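Colleague: Top line first, the protein sequences correspond to chains A and B.
Residue 294 in this note's numbering is what sits at position 294 of the first sequence, and the numbering runs on without skipping anything.
Residue 123 in this note's numbering is what sits at position 123 of the second sequence, and the numbering runs on without skipping anything.
None of these hints come from the bench; they were simulated from the model.
None of these values were measured; they are calculated from a predicted model.
Where is the CB? At the ideal position from N, CA and C, for every residue including glycine.
All the pointers check out, no bait thrown in.
Incomplete in silico selection of chain A near chain B, CB under 7 Å:
id, residue
1, E42
2, P71
3, R72
4, E75
5, P77
6, M80
7, A222
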Amino acid sequence: MNPDQEPDADVQVQPELAVDLCGVPLATPILAASGCFGFGREMSAYLDLAAIGGVVTKSVSLEPRRGRPTPRMAETPSGMLNAIGLQNPGVEEFCRTDLQFLREAGARVAVSVVGRSAEEFARVAERLAAEDAVHLIELNLSCPNVDTPGEVFAAEPGTAALVTRAVKSVARQPVLAKLTADVSDVVAVARACVEAGADGLTLINTLLGMAVDVHRRRPKLAAVTGGLSGPAIRPVAVRCVWQVASALPEVPIVGLGGVMTGEDAAEMLLVGATAVQVGTANFVNPLATAEIADGLRAYLQSQRIASVTELPTLFKPER
Amino acid sequence: MTQGAPRRELAEVLLHRRTGAYHLLSLVAPTIASTARAGQFVGLQPGMNRPFLLRRPFSIHRVERHGPGFGAIEIVFDVVGPGTEVLSELRPHDTVDVLGPLGQPFSLPDEPCSCLLVGGGYGVAPLFFLAEELRVRDCRVDFVVGASTTDRLFKAIEAKRLGRTAVITTEDGSSGQRGVVTDPMPALMAQARTRMVYACGPMPMLAAVSRVAAAAGVPCQVSVEELMACGTGICFSCMIPMVDDGQRASTRMARSCVDGPVLDGAAIAWEEVAVS
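My request is simple: use the sequences and hints to build the entire structure.
Modeller: Structure below.
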């Protein structure tokens, strides 16, 4: 990386948005984040799913899960808390219905996989191995809305590596490990996952948070605590992507956390992400994934940068 | 599907007025107005460049398809937080980002029949749109309009004008009968030979209305409310637990926003609904 290299002097053509993520070609680096796009069906009324970078599904477990009681959501300054609790129909029903829909829609699909044990993760990945409509697997090692802290596998390098290794032994698709910023050393967890075989890393999940209704003197969420998302967490996400990309420059990173605009996406890419996921923004604007890609293209044009893949090399960390 | 796909419109405020404790906003949103059906809702984003991001869902109170207000939709709200506070400051010619129409509408009877419309607080708002659709189909419409106090009644006088009959209830007895909306229901349903009950209001009221309708053997459609982030079916916040009918997806959960807000009152597992 040469931070003094100047952008291409004269870019007349449309900047290139296509990227390669772990061998999977994406039309744009902007994907829909897990848990913030359902299984894609509802958003197909607004968007051409084949034209966006990709869809990361809501997390899928081996058996169906009903999730948490309501209220599951509370708005907070520049963000929101959720405690959905991984509601999903289970991997069998997912493959039979939602995945077929995504295949027919022509979407690039990353399936978010969740489990209560390394074995459950591996069994879901094994079921997905036969599905050619699945292009990537993302391990949700970091959902804060779980029954025990022990299920946040990304809290420790050892448990994160254990799950990653178990999945890699059966997976046929490239595997991204999705990590949490709620640790003292995110680089250590990232390195453990890569050493266990992860093909890439997704940073970050929601941060564990809590909000209280002071008038009623009760938590706002039925589950008491929940995951904080939205622009409130973006600086934390940018910091994590930067730290991990600096320590592991060869490892593809997908950055997410509060990206609302093309320039927010550029921020993630500049500090070393290969691709960017958009989560909470989809709740406000169903067209967010497409409009953020447009915004990124406009940013590249204004900066006279020919391809989005150049962004990580153009960052000047010294100020 | 007869209803159109939802659209995002930057809507101009045509009119903003107070009615009792509530605010009524009339917005120029011609695409939404032309396709919306009674029971559907819109998501208003009050927070562009503000610390709160999410849209607020509001039932459509009325649409204007003729006359000088052509292309307008009306919504009703109460100021309950920072989002509705911002909306309460909207003035004519201001613009607001609106997404809609969202959700499933009320199902209308195939044949003319007698319908009872039960609304609590400003939950009665979408029932006026419904009453107009039912009257076009030559249905008899009766109203029960209730609230805790007189100032929290919404357009009770207009209900009297639109319905064959309209019973008003207040919990403090300051208007109409003292009590709740379910009190007059059994006698009214017998007298009007009600064949369909439609209800909108707080969840405990909807549970009670569903029970009374079921006891009389009359189907009941309720428009539910649950906190939602998106309104488009992707966040899974606004879940309603449903009874097991052997058909429903493995989770037995319905999303208020895309599976509802109008649901069959008899299909909801009311004992599992969190009452806050």
